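**Student:** Based on these hints, arrange chains B and C on the given structure of chain A.
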Amino acid sequence: MTLRKILVLDGVTAVCRFRDDGVLMAAEGMLSQDQMERLAKFAQWYRRMVSSNTDVLSLFSQMRGWSPSQGWVVQGDAMTVCSSGNMVCMFENAQGSLNEVMRALTEAAHE
Amino acid sequence: MMDLPGALAAFTYSDKGDLQSHVLREGTALTPQVLDLLARSCVANLAIAGMEARGWEALTGQAGFQPLQGFSLVGLEWSVVVDGNCGVVVKNRDADYEACFKAVQAA
Amino acid sequence: MHIVRQLMAIPGVVAAGEYAYRGDRFSYEGALTDEFARMASILCRANTLSVNMQSEIFDSFAENCGCRPVQGWIVRGSQITICSVGNYFAFIENRDELLNDVMTIMRAKVGDVQDDLLVNLYARLGGNTKEALY
Numbered sequence: 001m002t003l004r005k006i007l008v009l010d011g012v013t014a015v016c017r018f019r020d021d022g023v024l025m026a027a028e029g030m031l032s033q034d035q036m037e038r039l040a041k042f043a044q045w046y047r048r049m050v051s052s053n054t055d056v057l058s059l060f061s062q063m064r065g066w067s068p069s070q071g072w073v074v075q076g077d078a079m080t081v082c083s084s085g086n087m088v089c090m091f092e093n094a095q096g097s098l099n100e101v102m103r104a105l106t107e108a109a110h111e
Numbered sequence: 001m002m003d004l005p006g007a008l009a010a011f012t013y014s015d016k017g018d019l020q021s022h023v024l025r026e027g028t029a030l031t032p033q034v035l036d037l038l039a040r041s042c043v044a045n046l047a048i049a050g051m052e053a054r055g056w057e058a059l060t061g062q063a064g065f066q067p068l069q070g071f072s073l074v075g076l077e078w079s080v081v082v083d084g085n086c087g088v089v090v091k092n093r094d095a096d097y098e099a100c101f102k103a104v105q106a107a
Numbered sequence: 001m002h003i004v005r006q007l008m009a010i011p012g013v014v015a016a017g018e019y020a021y022r023g024d025r026f027s028y029e030g031a032l033t034d035e036f037a038r039m040a041s042i043l044c045r046a047n048t049l050s051v052n053m054q055s056e057i058f059d060s061f062a063e064n065c066g067c068r069p070v071q072g073w074i075v076r077g078s079q080i081t082i083c084s085v086g087n088y089f090a091f092i093e094n095r096d097e098l099l100n101d102v103m104t105i106m107r108a109k110v111g112d113v114q115d116d117l118l119v120n121l122y123a124r125l126g127g128n129t130k131e132a133l134y
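These protein sequence lines are chains A, B and C, in that order. For the record, in the first sequence the residue sitting at position 91 is 91 according to our numbering, with numbers rising by one throughout. For the record, in the second sequence the residue sitting at position 54 is 54 according to our numbering, with numbers rising by one throughout. For the record, in the third sequence the residue sitting at position 63 is 63 according to our numbering, with numbers rising by one throughout.
One chain only, chain A, in its complex shape (with noise of 0.2 Å):
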């Protein structure tokens, strides 16, 4: 699964590949390569946190299920950004699929 071919579904306007220390590997769409590094370094310091906190929740809830976390949602009013591993999307809500989307992210992360 490409960038390339995320790209073309339904919606979206930026998808990014990152790195541990937030270094952008490959981005496809329709951000400024400044905007893309931001949007890269933004992924991975939300992907820490999520993942610390999924790991506070686990702690508290005692539940298995939570951790190791593998992604997250913001959801605008008109955009939406996603993750999953260290994949990172931008779409249009009225076009795009949530769930498409993040199950080909999901499928690009584990490559």
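Watch out, some of these pointers could steer you wrong.
[To be verified] Below are the SDA-like pairs computed for lysine to any residue, each with C-alpha atoms no more than 25 Å apart in a straight line:
no.: 1; chain 1: B; residue 1: Lys102; chain 2: C; residue 2: Asn94
no.: 2; chain 1: A; residue 1: Lys41; chain 2: A; residue 2: Asn99
no.: 3; chain 1: B; residue 1: Lys16; chain 2: C; residue 2: Ile57
[Claimed, not checked] Quick list of the computed label-pair ranges, beta carbon to beta carbon:
no.: 4; chain 1: A; residue 1: Gln35; chain 2: C; residue 2: Asn64; range: 19 to 29 Å
no.: 5; chain 1: B; residue 1: Gly64; chain 2: C; residue 2: Ala9; range: 14 to 24 Å
no.: 6; chain 1: B; residue 1: Ala44; chain 2: C; residue 2: Glu97; range: 27 to 37 Å
no.: 7; chain 1: C; residue 1: Ser78; chain 2: A; residue 2: Pro68; range: 25 to 35 Å
no.: 8; chain 1: B; residue 1: Asp3; chain 2: A; residue 2: Pro68; range: 46 to 56 Å
In short, the hints are calculated from the structure, not lab data. Nothing here was measured: the structure is a model prediction, and the numbers come from that model. Note that beta-carbon positions come from the ideal geometry of N, C-alpha and C, so glycine has one too.
**Tutor:** For chains B and C alone, coordinates are given in the frame of chain A:
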């Protein structure tokens, strides 16, 4: 709150983190935009700290954490102290954390 | 004197210790069990990551505004307070002047936090800062 030692800014915010009022000391590099972000992040931090306090007491049986009395983010040169709907930013060099917590709790 | 020992010598400091990035490496002294200390280190990691991310965001709006690099955070409970500077934490009673004293000592001894969060969190307990989280 601006009378607190080292105070750079004081602000109030809604339960969702919308900045409602603020005072900035002249010459500070802080801007209303940063205060707005700070207010939102502090609402989040208080919520997370509240969750941690509740979870810790439930799991360990220890008491004394709830009800929460506040949260502080200690930056390089300044710290922000918040509780409820009220926050203050102070220079670390002059910071009196206890006075800050008392002040935001009282407000 | 090692910071943890120094903190534990102060009346009202219930426990103190250090934690690493993954939250599963830690050391401590005081009124905690091994399990509680492990839990505390997971909590500390979560909060530290959170405030570090927030300060990066603040900094991108007002560069060099004095927030980065973040030194630590404080959670004030009704009778107990948890404070963290760098990769050290302390549980203290809410006695007069104690929080200020503890923060002064912690910031003086371990407050020289560098910009790279992972380097900080591995600084004293060791570990591979390039290691992937999962």
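**Student:** So, for every hint listed, does it hold in this structure?
**Tutor:** Hints and how they fare:
For the given pair, Lys102/B sits about 12 Å from Asn94/C by alpha-carbon distance, which is consistent with the 25 Å threshold. A threshold of 25 Å between alpha carbons decides the hint, and for Lys41/A with Asn99/A the separation of about 24 Å falls inside it, so the pair holds. The hinted pair formed by Lys16/B and Ile57/C meets the criterion: a straight-line CA distance of about 18 Å does not exceed 25 Å. For the pair Gln35/A and Asn64/C, the beta carbons lie near 22 Å from each other, so the given range of 19 to 29 Å is met.
Checked against the given bound of 14 to 24 Å, the beta carbons of Gly64/B and Ala9/C, roughly 22 Å apart, stay inside it. Restraint check, Ala44/B to Glu97/C: a C-beta distance of roughly 30 Å satisfies the suggested window 27 to 37 Å. Ser78/C and Pro68/A have their C-beta atoms about 33 Å apart, which keeps the hinted 25 to 35 Å range intact. With their beta carbons about 48 Å apart, Asp3/B and Pro68/A fall inside the hinted range of 46 to 56 Å.
The structure shown violates none of the earlier numbered hints.
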